[in-house]
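Please construct the entire structure, taking both the sequences and the accompanying hints into account.
One line per chain: the protein sequences are A and B, in this order. Mapping the first sequence onto the working numbering, position 106 (from 1) lands on 106, and the numbers just tick up by one. Mapping the second sequence onto the working numbering, position 125 (from 1) lands on 356, and the numbers just tick up by one.
By construction, these hints were calculated from the structure, which means they are not laboratory data. These figures come from a predicted structure and were not determined experimentally. Just so you know, even glycine gets a beta-carbon here, dropped at the ideal spot from N, CA and C. Possibly wrong hints are sitting among the right ones.
Derived Cβ-Cβ restraints for the label pairs, each shown as a range [as the list claims (entries may be wrong)]:
#  : chain 1 : residue 1 : chain 2 : residue 2 : range
1  : A       : D160      : B       : C447      : 43 to 51 Å
2  : B       : P320      : A       : D181      : 43 to 51 Å
3  : A       : L190      : B       : D454      : 18 to 26 Å
4  : B       : L352      : A       : A161      : 47 to 55 Å
5  : A       : G177      : B       : R445      : 28 to 36 Å
6  : A       : A217      : B       : E431      : 45 to 53 Å
7  : B       : R286      : A       : D28       : 44 to 52 Å
8  : A       : L190      : B       : A340      : 48 to 56 Å
9  : A       : L190      : B       : V409      : 25 to 33 Å
10 : B       : A374      : A       : R135      : 26 to 34 Å
11 : B       : R445      : A       : L127      : 36 to 44 Å
12 : B       : R445      : A       : R135      : 31 to 39 Å
13 : B       : T353      : A       : Q115      : 55 to 63 Å
Computed footprint of chain A on chain B, listed as stretches where at least three residues anywhere in the stretch have a Cβ under 8 Å from a Cβ of chain A [to be verified]:
#  : stretch
14 : 286-296
15 : 327-339
Over the 12 Å line for every Cβ pair with chain B, so calculated as not near, a few chain A residues [to be verified]:
#  : residue
16 : E26
17 : D28
18 : Q115
19 : D116
20 : L138
21 : R170
22 : M201
23 : G205
Here is what each chain is made of, one letter per residue.
2 protein chains.
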Amino acid sequence: MTETPLPKDAAYNPICTVDAVLLTIEGDCLKVLLHRRPKAPFEGCWALVGGYIHRDEDQGVLEAVQRILRDKAGLPALHLEQLQTYSGPKRDPRGWSVSVAHLGLVPRAQLELPQDPDVLLTDVEELPELAFDHRTILDDAVARLRGKSAYSTLPASFLDALFTLPELHRAYEIVLGVKLDPSSFRRKALDRGMIEDSGEMRTDGSRRPAKLYRLCAPAQTFDQTFAPQQW
Amino acid sequence: MTETPLPKDAAYNPICTVDAVLLTIEGDCLKVLLHRRPKAPFEGCWALVGGYIHRDEDQGVLEAVQRILRDKAGLPALHLEQLQTYSGPKRDPRGWSVSVAHLGLVPRAQLELPQDPDVLLTDVEELPELAFDHRTILDDAVARLRGKSAYSTLPASFLDALFTLPELHRAYEIVLGVKLDPSSFRRKALDRGMIEDSGEMRTDGSRRPAKLYRLCAPAQTFDQTFAPQQW
DNA sequence: GCAATAGTGTCTTTTAGACACTATCTG
DNA sequence: CAGATAGTGTCTAAAAGACACTATTGC
Chain A
1 MTETPLPKDA
11 AYNPICTVDA
21 VLLTIEGDCL
31 KVLLHRRPKA
41 PFEGCWALVG
51 GYIHRDEDQG
61 VLEAVQRILR
71 DKAGLPALHL
81 EQLQTYSGPK
91 RDPRGWSVSV
101 AHLGLVPRAQ
111 LELPQDPDVL
121 LTDVEELPEL
131 AFDHRTILDD
141 AVARLRGKSA
151 YSTLPASFLD
161 ALFTLPELHR
171 AYEIVLGVKL
181 DPSSFRRKAL
191 DRGMIEDSGE
201 MRTDGSRRPA
211 KLYRLCAPAQ
221 TFDQTFAPQQ
231 W
Chain B
232 MTETPLPKDA
242 AYNPICTVDA
252 VLLTIEGDCL
262 KVLLHRRPKA
272 PFEGCWALVG
282 GYIHRDEDQG
292 VLEAVQRILR
302 DKAGLPALHL
312 EQLQTYSGPK
322 RDPRGWSVSV
332 AHLGLVPRAQ
342 LELPQDPDVL
352 LTDVEELPEL
362 AFDHRTILDD
372 AVARLRGKSA
382 YSTLPASFLD
392 ALFTLPELHR
402 AYEIVLGVKL
412 DPSSFRRKAL
422 DRGMIEDSGE
432 MRTDGSRRPA
442 KLYRLCAPAQ
452 TFDQTFAPQQ
462 W
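Structure follows, in structure tokens:
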């Protein structure tokens, strides 16, 4: 099966990288951060943000991703969680490889993107061709976000620390891809102890000012879903 | 910070392994398969089942775990999913390492364990000390099983292909760690299209024989939970 | 006042939980 | 028939969804 038999029980370490699916909301759409690969393999092809682990400074794969995002997208701390690990002998032409993929969510305003034609923030529905199996990773990331958002505070990660209830409502609609009844949404968000009144108000050009809320806990999950039943 | 500076952007591949948290139900308890490590590091210490990737035969980390389980526990195909990847410079004394952990569920009857004092099937509530960060991995695995079981068919993976409704009911109770009302449970399982009548019956020593059901789909998730509200 | 968005109240249907009840087997 | 487990029916309370309604701003 192989031309150069290897000692079966010896340590063999595949190529090991980390990747991040960095998502944000812009213009009522879910968007993802891509960059053009400067070198082979897949030179010139769009890809997720990623890189190698630095053994001397990274305390884990999460920290490696944070460092890479800081260097490549000038990002502060944000919601970041491990997604899944992708592996196999063929996904990287250089050989057997492992990539630990992560899901990152940021408010658009906190994203400081360089003026660089090799950096792209694009709608997840209008993707260019991607390097490696990055299309699969991205699809899995969006599916995870959708699934988890139905019963968690995840979409609030796209908003600033203080936000209005209609803003939260809109974030859930964009992420879940469905219209949600404003009244039911408000009731659920408040009754579940998801958000608390900050005492402040916001008057952003619109007509009636809205109360500003904040999350009670940074990340929370619920038994009942925000999404409609037959979703 | 490091004594031997490394080229920061060069490929550096950590030690890479796969591990499996293999769970089953025996005697109304959740149990996990452990084995005693034959060599350093952690020689003689109990650990999860795991090993290295074989680049010439494994098509991915999942297949690597399947191969290792086949070799070490004589296991056929079973419910196996990726759990999470654990990493860092200190979890393995040999250096920066990555372990892709998996969650496996098997009916007890399908587990063929060798008569070997270095293989142990133990209650997850009564664990010996474990090597590496395997205790953390195991705790995460049980938490994932619990969480997912509340709104999925996962506990059915502990049963044979044909099972009675009371058996399914009991599996959910053991996994979730709570009493569930038999009537409500039955209604939910049937109304959601989770199981279908096989037409057969089982008369295992008890009094009234019970209908045998099978899953409609191998793995399914639901909006509503099987667990009680304030769980 | 009008337009527009923020926020409330309430009615109907569905679902959950509790639990009493019936059914079918073994001995 | 008694005991035990399998399975059904039904009542009540909570939650979801729909939607009419009121409130507060800018112009």
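The hints, checked one at a time:
no. : hint                        : result
1   : D160/A x C447/B: 43 to 51 Å : holds, 44 Å
2   : P320/B x D181/A: 43 to 51 Å : holds, 50 Å
3   : L190/A x D454/B: 18 to 26 Å : holds, 21 Å
4   : L352/B x A161/A: 47 to 55 Å : holds, 48 Å
5   : G177/A x R445/B: 28 to 36 Å : holds, 33 Å
6   : A217/A x E431/B: 45 to 53 Å : holds, 48 Å
7   : R286/B x D28/A: 44 to 52 Å  : holds, 46 Å
8   : L190/A x A340/B: 48 to 56 Å : holds, 49 Å
9   : L190/A x V409/B: 25 to 33 Å : holds, 28 Å
10  : A374/B x R135/A: 26 to 34 Å : holds, 31 Å
11  : R445/B x L127/A: 36 to 44 Å : holds, 39 Å
12  : R445/B x R135/A: 31 to 39 Å : holds, 35 Å
13  : T353/B x Q115/A: 55 to 63 Å : holds, 59 Å
14  : 286-296                     : holds (count 7)
15  : 327-339                     : holds (count 3)
16  : E26                         : holds, 29 Å
17  : D28                         : holds, 25 Å
18  : Q115                        : holds, 23 Å
19  : D116                        : holds, 18 Å
20  : L138                        : holds, 17 Å
21  : R170                        : holds, 22 Å
22  : M201                        : holds, 34 Å
23  : G205                        : holds, 37 Å
Figure legend: structure checked against the earlier numbered hints; every hint is met.
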